[in-house]
Structures are given as C-alpha cells and as structure tokens.
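Build the full structure now, drawing on both the sequences and the hints.
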Amino acid sequence: MSGHAAPIPMTARRSGPLTGSAEVPGDKSISHRALILGALSVGQTVVTGLLEGQDVLDTASAMRAFGAEVVRHGAGHWTVQGVGVGGFAEPLDIIDCGNSGTGVRLIMGCMATSPITATFTGDASLRKRPMARVTDPLSLFGTRAYARSGGRLPMTVVGAADPVPVRYRTPVPSAQVKSAVLLAGLNAPGETVVIEAEPTRDHSERMLKGFGADLHVEDTAEGRVITLVGQPELRAQTVAVPRDPSSAAFPVCAALIVENSDISVPGVSQNLTRNGLYTTLVEMGADIEFGNPREEGGEPVADLRVRFSALQGIEVPAHRAASMIDEFPVLSVVAAFAEGTTIMRGVKELRVKESDRIDAMARGLEACGVRIEEDEDTLIVHGMGPGGVPGGATCATHIDHRIAMSFLVLGLASQRPVTVDDGSPIATSFPAFEGLMAALGADISR
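One point on numbering: in UniProt numbering, the residue at position 279 of the sequence shown is 279, and numbering is uninterrupted.
Source of the hints: derived by calculation from the structure; they are not laboratory data.
Hints should not be assumed to be uniformly reliable.
As the list claims (entries may be wrong) - Label pairs and their calculated CB-CB ranges:
1. 219 x 61: 33 to 43 Å
2. 6 x 94: 18 to 28 Å
3. 73 x 262: 35 to 45 Å
4. 152 x 6: 20 to 30 Å
5. 136 x 376: 19 to 29 Å
Backbone N, C-alpha and C define an ideal beta-carbon position, used for all residues, glycine too.
Here's what the structure looks like:
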C-alpha cells in the first residue's frame, strides 16, 4: 500500500525582484492522457515534453501493468507501444496511483469495459478522496466496484464483459468524470454520450480526436454534448506536450506580488478550458503580456511576460470555476496582496481535491494575518495590499502539492517568513519547482 515519505518542511522568505525565464514542465493533464491513449492505440506513440512528476510516472507504471510497453528515452522523451482498444491484460499486482486523482479515475475508466479485474490504491491523501463519482457512471456500462466505506480506495474494479453504451449527464463539473466515461466508451458498442451543463477542460476530447476516435461535440440547450462512437482502432501518434498552465501559475503569481519582478514564462498552454486564472489576473490589473501565440501538440500556447503589479480585488464568477479549479489556492495568495476584497464563487469542488483546499488555504492565510470568509461554495479574501501580509506562520499542506507551493509563494512577499510543514508532495506535479524558483531569485529553503 502506498505511503508518504518523511515530511520536508520548507520556508519562503521575502525576496528581491524575481527575474529571468521560467521553463515550467509539461502539462500534467495532457501527459496522463498521452500515456493512456498511447497504451490504447495500435503502434508506437512518441511523447516529447512529458511531465516527469510522480503522478505521471505512476500512470506510466499502470500502463505497463496493463500490458503496454512504456519506455523513457531521455528527459521528457517517451514511447508507448500500445495494445489497442480492448487489449488490456489483467494486472498481476495492485495498481498504486500515488497522489493522483486524475490518474486513478482515468485508468479506472479505460479498463472498465474490458473483462479484467484490477485493484487500485494510493497514498494517504488519495485514499481519502471519493471515487463513487467515477464508479457510479462506470456501473452503467456493467462495471462493478468494491471499495472501502464511502467509495474510497483501496478499490477493486471488475470490468464489464459485455459493456453497453451509456448516455450520462455529469452532476458536477469534472473533467476527470467526463474523461473516465469517454475512455470507458471506447470499448463499448454504439455511441456513448456525455452531457456537461458546464464545460470543463477538453484535453480528452482533443486528444481522442487526434488518435483517430470518432467524436463529436455540440453545444445545445441542455449543455455541451459529447458523442463518442465505440470500438475504434486508435492510431499511434506523436504528442508534443505543451507547458502546464497550472504549474506556470506559481512563478506567474509570485512575480505579480514580489516588488519590481519581471519574468518570462515561454510556451504556456492557453487552452480556453484552462485559462480562467489568467483571465482573472488580468481583470485584477495584472501586467501580463501574451506573446507569439501559436499551436503546439494540438493546443494553443503563448509566451508570457509578467511584471509586478498593483492589483485590485474582484468577484470571480462561478461559471469560470471549472477553467481554473486547480489555481484557486494560488489565486487566494494573490488576492491577499491586492487592494480590496476578492470573492471566489463556485469553488465547492475544491473541498474534494487532494485536500479540502478551501479550508487549507483559509486556515493558513488566517494564520498569516489575512482576514478570510468562507462557506461551502465560496472563498472571500480581504486583501492587505502590496507587502501588507504579515506572514510568520507554519502552514499545514495536508499532503497537497498545490497548497504547499501556494504558501511558499505567499512567503516570498510577506513581511515575515512562511513555512510549510511538508513540501515533499510538490514532486508529484512540479519536481523542478525549487530549482526554477531559486533561479528566478526566490528565497526558498529546506
């Protein structure tokens, strides 16, 4: 069973101007999907720019366990020899997905309509997260799941021997749920349909089309309707993974709040289902230039230039939440250094991430002297202006990489140092974080 390494406390101190270029890693969402769809394809898929954080490495190990040949050839350069749709072998051992909710939910989806059985586990954080939101729709295909109380890992999934196509309306905006259903639909006959009342990140749809799936998307009165024709022969591809906008958020937000900073962040994905943070920051008055717009790996990207800015609090509309759900923790840090109040609505999904991110950020910000209000679906931060946050606290990360990085960004502009009780989870998504931030001039130490 997956465990958690010894905690690594880390401290961030008020820093001088951040300068230079931040070469952030490949997009985590696309990296997971490239490995999974490569495994479900016929032929050899070549992936460049793959994020080599632990979450993605765990997905690579899982694809090997299901019979695909997954090989690393150098930094970010991987190949996957696929087994085709419906070609997964039954794993010989438990599938350990570490800290990755995306990994475990997508992998459950892609094996759910094959006549095999697999048992999944993860670290202490992942074992607390709800899986019924995925296993409930998968059961419509004929899949069975046996789990701990509350539908939590460890869990054994028995794939459907005779799957049926499904028409499913997602009850909450979740790209993971949508993607799991679409991946399950690959090995079901007929058409599988997913209906989203609110659009979520569309990497699965883009990549499925790129690998040759017959998939159509239509915006209708009932929502966004995604129709997938089952049992295709997916064709191996070459995938260039763009840089992760969620990882880029940390140097970007740090530069906005550390006085006199001026950094560049090249090649960041500008996918419209992922760019809610950047839209919000610009509305707050952020000095961000989006240069050289282009397409890489089927995704729009741009080169960012970011300068320290005097920011104003705003109200972030609920309909934008799905396009920035992972970035609310670091946005709450930026909001603490803005003038006025920032209201974030539609954020209840944060309560079932790697941790209850609303509670984690609220308690840590309060400990650092920031006034917070919250309810189940809203987080309100009362800004203290540039340099106005006292800091001086040790903040609990709850084994959550984004909480850890957010509070370290806070410490770079606070009056007193900010410590996180455990920075080790950062390796799950952004193993280069410390080195990258240090190269920009950030004072972060273990």
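Evaluation of the provided hints:
no. : hint                  : in the structure
1   : 219 x 61: 33 to 43 Å  : holds, 38 Å
2   : 6 x 94: 18 to 28 Å    : holds, 23 Å
3   : 73 x 262: 35 to 45 Å  : holds, 36 Å
4   : 152 x 6: 20 to 30 Å   : holds, 25 Å
5   : 136 x 376: 19 to 29 Å : holds, 21 Å
The earlier numbered hints are all upheld by this structure, with none contradicted.
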